[in-house]
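Protein chains in written order, with the numbering used here: chain A, 8 to 323; chain B, 8 to 323; chain C, 8 to 323; chain D, 8 to 323.
Treat each hint with caution, since some may be false.
You can't tell identical chains apart in this list, so a pair holds if it fits in one copy or across any two.
Claimed, not checked - Listed next, the in silico DSS-like pairs over lysine-lysine satisfying Cα-Cα at most 30 Å (straight line):
hint : residue 1 : residue 2
1    : Lys48     : Lys116
2    : Lys116    : Lys301
3    : Lys116    : Lys38
4    : Lys301    : Lys38
5    : Lys116    : Lys31
6    : Lys301    : Lys48
7    : Lys31     : Lys48
8    : Lys301    : Lys31
9    : Lys48     : Lys38
Hints listed in this document are in silico derivations from the structure and should not be mistaken for laboratory results. No experiment lies behind these values; they were computed from the predicted model shown.
Protein chains: 4
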Amino acid sequence: MNAADRQEWALLQAVLAAELQAAKALTSQGKAASYIPELAKSPPDALGISIMRADGAVLAEGDVHLSFTMQSISKVFTLMLALMDNGERAVFEKVGKEPTGDDFNSMLKLELVEPGIPFNPLINAGAIVISSLIAGRTPAEKAERILDFFRSLAGNEELDVNESVYRSEAATAHRNRSLAYFLKDNNVLTDDVEEVLDVYFQHCAVQVTTRDLARMALVLAYDGTDPITGLEHIPRRFVQIAKTFMITCGMYNASGEFAIEVGLPAKSGVAGGIMTLVPGRYGIGVIGPALNAKGNSVAGVHLLERLAQRHDWSMF
Amino acid sequence: MNAADRQEWALLQAVLAAELQAAKALTSQGKAASYIPELAKSPPDALGISIMRADGAVLAEGDVHLSFTMQSISKVFTLMLALMDNGERAVFEKVGKEPTGDDFNSMLKLELVEPGIPFNPLINAGAIVISSLIAGRTPAEKAERILDFFRSLAGNEELDVNESVYRSEAATAHRNRSLAYFLKDNNVLTDDVEEVLDVYFQHCAVQVTTRDLARMALVLAYDGTDPITGLEHIPRRFVQIAKTFMITCGMYNASGEFAIEVGLPAKSGVAGGIMTLVPGRYGIGVIGPALNAKGNSVAGVHLLERLAQRHDWSMF
Amino acid sequence: MNAADRQEWALLQAVLAAELQAAKALTSQGKAASYIPELAKSPPDALGISIMRADGAVLAEGDVHLSFTMQSISKVFTLMLALMDNGERAVFEKVGKEPTGDDFNSMLKLELVEPGIPFNPLINAGAIVISSLIAGRTPAEKAERILDFFRSLAGNEELDVNESVYRSEAATAHRNRSLAYFLKDNNVLTDDVEEVLDVYFQHCAVQVTTRDLARMALVLAYDGTDPITGLEHIPRRFVQIAKTFMITCGMYNASGEFAIEVGLPAKSGVAGGIMTLVPGRYGIGVIGPALNAKGNSVAGVHLLERLAQRHDWSMF
Amino acid sequence: MNAADRQEWALLQAVLAAELQAAKALTSQGKAASYIPELAKSPPDALGISIMRADGAVLAEGDVHLSFTMQSISKVFTLMLALMDNGERAVFEKVGKEPTGDDFNSMLKLELVEPGIPFNPLINAGAIVISSLIAGRTPAEKAERILDFFRSLAGNEELDVNESVYRSEAATAHRNRSLAYFLKDNNVLTDDVEEVLDVYFQHCAVQVTTRDLARMALVLAYDGTDPITGLEHIPRRFVQIAKTFMITCGMYNASGEFAIEVGLPAKSGVAGGIMTLVPGRYGIGVIGPALNAKGNSVAGVHLLERLAQRHDWSMF
């Protein structure tokens, strides 16, 4: 670590508490997701951030002990696992590479745009297809492989599925069933719908802390190789693909704005998590359950905008 | 029956064979539905028509011995049964009264137009909701009540569900499942989706001949009272509602054109059937499995256009 | 006129004032159109109705001296004039016959549905195309022919364009310009856009009273021949086409509901006018500037529902 | 320039002819735009590329003497000029920051998504709004300022509007008129539509070579400061915004795919040009008039994919 890096770290350390406190004020402008009872229980004014650097040192501020479900953040990793299991060609026969401009659970383009495959792997329709591409003889085996993958990336064998969130989603996620049957009708999904959704609901319900997200993101920041352990988890090309999708589609239909205001690959989840990274430098995890109208953590996004602009982190 | 009526009947009798023969030539322009294997087996060049008058006399021409499944034609009758079971207010809280201009299985307006209820009871989404409104403690009981209702209208105790078509649809109709789960997510459907669809698939698979359709249509032509038996099957207001929907939405998104070229309340089905009526005079059943691009019997529509224009049957 | 007709007329006369008074209460639920300043000046609580029978007798109640611009009501007549000028085939190469389910000025289906022609002649896009099909060497000549046609139908040589409404629309109707240029890009319109719109704005701005509308509707109720003068103004087939469109598309995207609740061919305009007819019996004109969310006179629709249900006027 | 850079330059020089030759084979899979006669005249099998580095050295291969109109490539620069003229806040009140997933001239989201402003400044609707934001008392003055800006960036005082392309577009671009009037109706455009479009058509018709594009791109690759002259043309923040849009929206609705396969900020035009850049290193201009289904130069995209992958140019 050179002098400039040391200096930035010290500066970050100095300002993080104040920036977090300032951003926390915005939590009142958002609202925790309520579509499943478990999510509605999140403390709406919480805000926490963990920033991890290559040697494993962590800056942690705010509600970093809060644990929450990954939700859509998990999709970045299932995409990479599906690429490792199937290769680029097979994956991109079933999902496209384009942002949609529509809501994350929209069905418009499936009906309107030939050939009726999901536009990208980070919207719900695409992520459901990706879940169907994970290798494994049974849904349980697929879910197990995904969980193992997440654990190894997070360096945390304790990671597990939050059973009550998983059951709650499985019981109520009729829009996802609707998407899945549409895909089945279009011959994009060929497996049993409930079995595919079972895998999907499980990986969305993996419970993490901001520290876990920061560690997983750190692996992406170092192109697939954990800088702490030196283990190569993911081929660099697949990390590149994932990071590109995080820029173009990672923050729902506010991805374009996030790219302009923050300029870092990121993925948000409906539980209020955001995973982002500064390439070659940091992995970052954020939690802030109060969401804005586009479904992203209102205070989390603001905090990242402030940090990115102050430290000139944009890739662009 | 007055002299003018007698004369028209004689004229119809005289021209029907030739008109049917001429229309038969158009069958080559269409194609039998293939989305379920059973339907693809229909003879694509078949064409048959039965016209029944108030005294039960029937003009029958062409392939009138062909039996086929009612498919969407059944939706006219389940609508009336749901109205009888629930009243207008309860039914129209869950389905609208407007044509859509979209395909019969489109989901666009469910996503785009508040409050996300089906636009009308004759598109798939609406008919599925209607199936959920039929009284009965179990799906089997609902299906039984529907079948009884159809039998009494057709005066044919032999009417029954074609089991292989029913099973075939139940196994493959993923787009309908997608619609149903979307409706469930919108809280328009509250019952178990597979149970509702089971009722829906059964009434779509009721097997009839053109004579059955003609008899059922005759009841509508006489405002709900069977002119042959004198039995009042359906309150006149509910027949009025059904006939209005048959004009505005009965022929998929070719309903407007049919209203202009034929001008009679009608409903078509994907097996190639068309049920129509001349108010106060005839019930008419048509079969012609070769469908045009809009999903209506290509030769059947042509035959009805010719007859309606020759005999000035348009209501307008 | 037979005894039953006399009796109905007497009954109508007896109840009309009370029905109108009851319906007037609903005006507070609506709002006069405000997109052009002239329309916003209409008295929002006005309500008037004229019912004319074949011998020219008129029942008039409420604000029948109010004059207002025809707006979309004019489209029924320009359609028939275009049919007289060009024949069915040429007209229906450029406009379809289907209701849209969308707003009257929507562009969705022009972009989404091949071949990009307006779905019907009563939505704005279709009516603009119809305006382009009126015979005449210049826009002025076309507008003059239209005005002459309206005058002869209304039996009122005083009918004229409200210049200030016309100018107001010409200055502000950018959505119509957008529609027209889209149609030009699709090669559906070939004339100069501003010239076509000039014709369109003029016929929309023709000023009438409910009595004028009732007289014009009476000609349609008698299939194109004025029962008072015996003059045949329009071939019966073209009246049939117009009446069919009035049922399927006449009341914007509340046409289906109006068909079920009233059951008569009708056309509304944004100034609050409604023209409707009881086939073979009456021509009816209504004014009520307060509009509901779908753009129809809120009290006018209610009044017609009450009268149609009380007197069993539905065609269905 | 360090050793690695020298080595890459030498390698590029060595392979460029062969790569271009290989990519040229793909021209037969595309088709030159034909919507204006002038564009249809382009040699469909042409392909040329210029790569410029900070000291002004250029690698040029293929049809580099071909001149062509910038078309949509110009929109990147008018965006930056509008930002310089108005600031971020004023610009982003009138255009959004999101990719659409729709065609570049689509009107769907203008109608469907509140508040009806263009989703981003690189689709036609957005670029037209941007043209209206360029400072200047008259359209001529605005067009002149834009041309001066382009000339200074290209270091080429000869740059000029291709009058026949400009006139051709002005005469035929009815879809753009439709977009502009829709925006005017939504109060996003307030100026006279034809005056705004006049500015727009002119900057789209500026004639360039691949060398001009490479030079202009070089300024962006160096964050707004021309590395050859040292002149600061554009504030770095506005270049950052432009580069971000080039990644998320620069290649029409193939932007996501280009980001994954090439990973560089780029903008294409319907004449077959592509402008791209390697941050901190090269400006690149490509011409290949044969377009793929998404409207991008089929051979040009392929050539850039090959070079980017071989030289590991992706930003991700």
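Hints and how they fare:
Taking the shortest alpha-carbon separations for lysine 48 and lysine 116, neither the intra-copy value of 33 Å nor the inter-copy value of 33 Å comes in at or below 30 Å. Taking the shortest Cα distances, lysine 116 and lysine 301 sit within 30 Å of each other both inside one copy (19 Å) and across copies (16 Å). For the homomeric pair lysine 116 and lysine 38, the shortest alpha-carbon distances inside one copy (28 Å) and between copies (26 Å) are both at most 30 Å. Within a single copy, lysine 301 and lysine 38 get their C-alpha atoms as close as 11 Å, which meets the 30 Å cut-off; across copies the closest is 33 Å, which misses it.
For a Cα distance limit of 30 Å, the shortest separation of lysine 116 from lysine 31 qualifies neither inside one copy, at 36 Å, nor across copies, at 33 Å. Only within a single protomer do lysine 301 and lysine 48 lie at most 30 Å apart by alpha-carbon distance; the minimum there is 20 Å, versus 40 Å between protomers. For the identical chains of this complex, lysine 31 and lysine 48 are intra-copy neighbours only, at 18 Å inside a copy versus 50 Å across copies, given an alpha-carbon limit of 30 Å. In the homo-oligomer, the alpha carbons of lysine 301 and lysine 31 lie at most 30 Å apart inside one protomer (18 Å), although the nearest pairing across protomers, at 43 Å, exceeds that limit.
Proximity of lysine 48 and lysine 38 under a CA criterion of 30 Å is satisfied intra-copy only: 11 Å inside one chain copy versus 43 Å between copies.
Consistency note: the structure conflicts with the earlier hints numbered 1, 5.
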